[in-house]
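Dock chain R with the ligands against the given chain H, drawing on the hints supplied.
These protein sequence lines are chains H and R, in that order. In terms of this note's numbering, the first sequence is residues 1 to 332. In terms of this note's numbering, the second sequence is residues 1 to 291.
A couple of the hints might just be wrong.
[What the hints assert, rightly or not] Here are the simulated SDA-like cross-link-like pairs (lysine to any residue), alpha carbons at most 20 Å apart as the crow flies:
no. : chain 1 : residue 1 : chain 2 : residue 2
1   : R       : Lys83     : R       : Ser70
2   : R       : Lys105    : H       : Asn234
3   : R       : Lys256    : R       : Pro232
4   : R       : Lys112    : H       : Leu167
Worth flagging that the hints you see were computed from the coordinates, not collected in a lab. As the structure is a prediction and not an experimental result, all values here were calculated from the model.
Next come the chains, spelled out residue by residue.
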Amino acid sequence: MHTAPKLDFSAPDGAVLETPRLTLALSAEAKADATPGHQRRPTSDASQATPAQLAPAMPALLPVQRIAAWLRGALPGVLMTALSLGLFIAFWYFATKYRWDIYIRFTNIPSPGDVLANAANLVHSDKFYHNMWVSLRRILLGFGIATGLGVTFGLLIGQYRFARGLLLPIFEVLRPIPAIAWVPMAIMLWPSNETSIVFITFLGSFFPILLNTIHGVNSVDAVLVRAGRCLGANELALLRQVILPAALPHIFAGLTIGMGVAWVSLIAAEMISGQFGIGYFTWEAYSLIQYADIAIGMIVIGMLGLACSGGIRLLGNLLMPWLPAHANRGRA
Amino acid sequence: MIPLVNKDSTTGHIRIEHLGVRFGRNSSAVEAVSDVSMEVMPGEFVSVIGPSGCGKSTLLNVVAGFVQPSVGTATVDGKNTDKPGADRGMVFQQYSLFPWLTVRKNVEFGLKQQGMDGSHRQQAARTLLGLAGLLAFENHYPEQLSGGMKQRVGIVRALATSPQVLLMDEPFGALDAQTRVVMQQILTNMWQRFRISVLFITHDIDESIFLSDRVYVMTSRPGLIKAEITIPLPRPRTPDMASTPEYLAIKHHLRKLISEESLKAMGGELKDGGLGGFTIEVGPHGVTELI
Ligand SMILES: Nc1ncnc2c1ncn2[C@@H]1O[C@H](COP(=O)(O)OP(=O)(O)O)[C@@H](O)[C@H]1O
Ligand SMILES: [Mg+2]
Numbered sequence: 001m002h003t004a005p006k007l008d009f010s011a012p013d014g015a016v017l018e019t020p021r022l023t024l025a026l027s028a029e030a031k032a033d034a035t036p037g038h039q040r041r042p043t044s045d046a047s048q049a050t051p052a053q054l055a056p057a058m059p060a061l062l063p064v065q066r067i068a069a070w071l072r073g074a075l076p077g078v079l080m081t082a083l084s085l086g087l088f089i090a091f092w093y094f095a096t097k098y099r100w101d102i103y104i105r106f107t108n109i110p111s112p113g114d115v116l117a118n119a120a121n122l123v124h125s126d127k128f129y130h131n132m133w134v135s136l137r138r139i140l141l142g143f144g145i146a147t148g149l150g151v152t153f154g155l156l157i158g159q160y161r162f163a164r165g166l167l168l169p170i171f172e173v174l175r176p177i178p179a180i181a182w183v184p185m186a187i188m189l190w191p192s193n194e195t196s197i198v199f200i201t202f203l204g205s206f207f208p209i210l211l212n213t214i215h216g217v218n219s220v221d222a223v224l225v226r227a228g229r230c231l232g233a234n235e236l237a238l239l240r241q242v243i244l245p246a247a248l249p250h251i252f253a254g255l256t257i258g259m260g261v262a263w264v265s266l267i268a269a270e271m272i273s274g275q276f277g278i279g280y281f282t283w284e285a286y287s288l289i290q291y292a293d294i295a296i297g298m299i300v301i302g303m304l305g306l307a308c309s310g311g312i313r314l315l316g317n318l319l320m321p322w323l324p325a326h327a328n329r330g331r332a
Numbered sequence: 001m002i003p004l005v006n007k008d009s010t011t012g013h014i015r016i017e018h019l020g021v022r023f024g025r026n027s028s029a030v031e032a033v034s035d036v037s038m039e040v041m042p043g044e045f046v047s048v049i050g051p052s053g054c055g056k057s058t059l060l061n062v063v064a065g066f067v068q069p070s071v072g073t074a075t076v077d078g079k080n081t082d083k084p085g086a087d088r089g090m091v092f093q094q095y096s097l098f099p100w101l102t103v104r105k106n107v108e109f110g111l112k113q114q115g116m117d118g119s120h121r122q123q124a125a126r127t128l129l130g131l132a133g134l135l136a137f138e139n140h141y142p143e144q145l146s147g148g149m150k151q152r153v154g155i156v157r158a159l160a161t162s163p164q165v166l167l168m169d170e171p172f173g174a175l176d177a178q179t180r181v182v183m184q185q186i187l188t189n190m191w192q193r194f195r196i197s198v199l200f201i202t203h204d205i206d207e208s209i210f211l212s213d214r215v216y217v218m219t220s221r222p223g224l225i226k227a228e229i230t231i232p233l234p235r236p237r238t239p240d241m242a243s244t245p246e247y248l249a250i251k252h253h254l255r256k257l258i259s260e261e262s263l264k265a266m267g268g269e270l271k272d273g274g275l276g277g278f279t280i281e282v283g284p285h286g287v288t289e290l291i
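Excised from the complex, chain H in its bound form (with noise of 0.2 Å):
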């Protein structure tokens, strides 16, 4: 139908993830099929044959056996990684217990019990809440807005020349400009300064998932789109029914990547326009010598970062059921 581009975008963010080709995995399973007396799969098709009969043999085991086999698989990572942060964590006691001064200089840096006692002091503060919601609404906002368009523009521009040849062009210009370069077009474009911080947290995840879902959209298998049409869909069905599906595993490489970017854009616009939010808490903490509010604010932006992203994991594994549950298990 359409072969595959050469977009021309050579920054390196946003890049496309490849994520595993269905059409690879069938051309696949179609080899072991030709293989003569492969025992994983019924060969000989008979209309007997059961679904039991498709589960891979395994020997049974008990509960107690499994959960003691698990235990014995999982307890050297568990270990490994209290040990792990264990060392982190004592490193940092220390450091700035005995204020190093190396060059780089633990003076001022707040100890891991200065940051404990903050942050019970804040678990009582509305207004650290309220900064937090702030941030997640932004959030939600920009990167909402950004997969609604993303993906719909994506889907447009993969599909039809036309669209492609309007629209590609704007974007690629547009590109290799990073989110927080708009922060002053964005204040003067933006009647507020709230719509402006979504902009630029729009702007940030925009393009990695507008390029992961063209990217999908060029790597249907064309056969796909073949049997679409000889079973009487129209365009936007095929769009819809076809193409979005089979893009699907392209796309959510792209959200992983969006959101990660969202929030990069999203702090710097916050710690340099903002009023609320989490950036902007970490930034005024530093203003006002409250050293280790930055610490805990940097803590409450890395943990909301990960939610957010095992949030878009947890939705691509519900809207994705087909795909087996390791294949996108993303590189987040």
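Just chain R with the ligands now, with coordinates in the frame of chain H:
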């Protein structure tokens, strides 16, 4: 209830007249199909057999509406096949099930495009899946099926919209020999039940004899029709027939026609290598033979 046989016996007439397809322009153009005329009568099962690269898929894609003829015409029931549509069901060489849909939803896809409501769709899909012995797998995803099952779902999906003709492009090419025999039997059953016209592409001689009323033999590039052979074997056909003198005579005849073509296709390569004075003679228009 959905009528499972709603095709009357006068529709599904494929007519191909002086069809030529060339890909590309001027000097680099490839002539894939050249002056092909053939016909599939309503309810008939017709195979096209020929060496790979001779234009079989191209021919089928013209009837499906994916490829436009350079010269000549292809019609189904008098209508030009200039774009794909649900009146022509297609089963592809590669597996082409939608991986994101369950087996049943795959079968429902075409019905959904026709605007049929959910519960009727489901009922129709389940009936069809039952006929193909696949009801137990209705909620499986294609990835969980064997190759033979995938192709069976592909056939059921193509039949769901009650097309006039079924176009099949080497659908069993990737399957092992035993599965293929089972699939041929299932296809024959479905074909008789639906009284649908089938245009079937294959490079397997036994497959073409077992399935078809008639077989067209295509020459290597540019693809033209070299021979048209009627298969007079009675139906139902059984694998046992493969040892009857009648069957063997047809097979021998077809094999001779095809090996000539395969050798001719390799002729360019063999000429220089020299097979010790071995030559193949083919008349300017091929050999047209009729049983
Ligand atoms: N879209 C295309 N563009 C250019 N050449 C093509 C195209 N499709 C097929 N061909 C060429 O046409 C010839 C016939 O191809 P095809 O119909 O696929 O043969 P078959 O199905 O008999 O193996 C081949 O030489 C192939 O390379
Ligand atoms: Mg082919």
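Among the hints numbered above, which are violated by the structure, and what are their numbers in rising order? Structure breaks hint 4 only.
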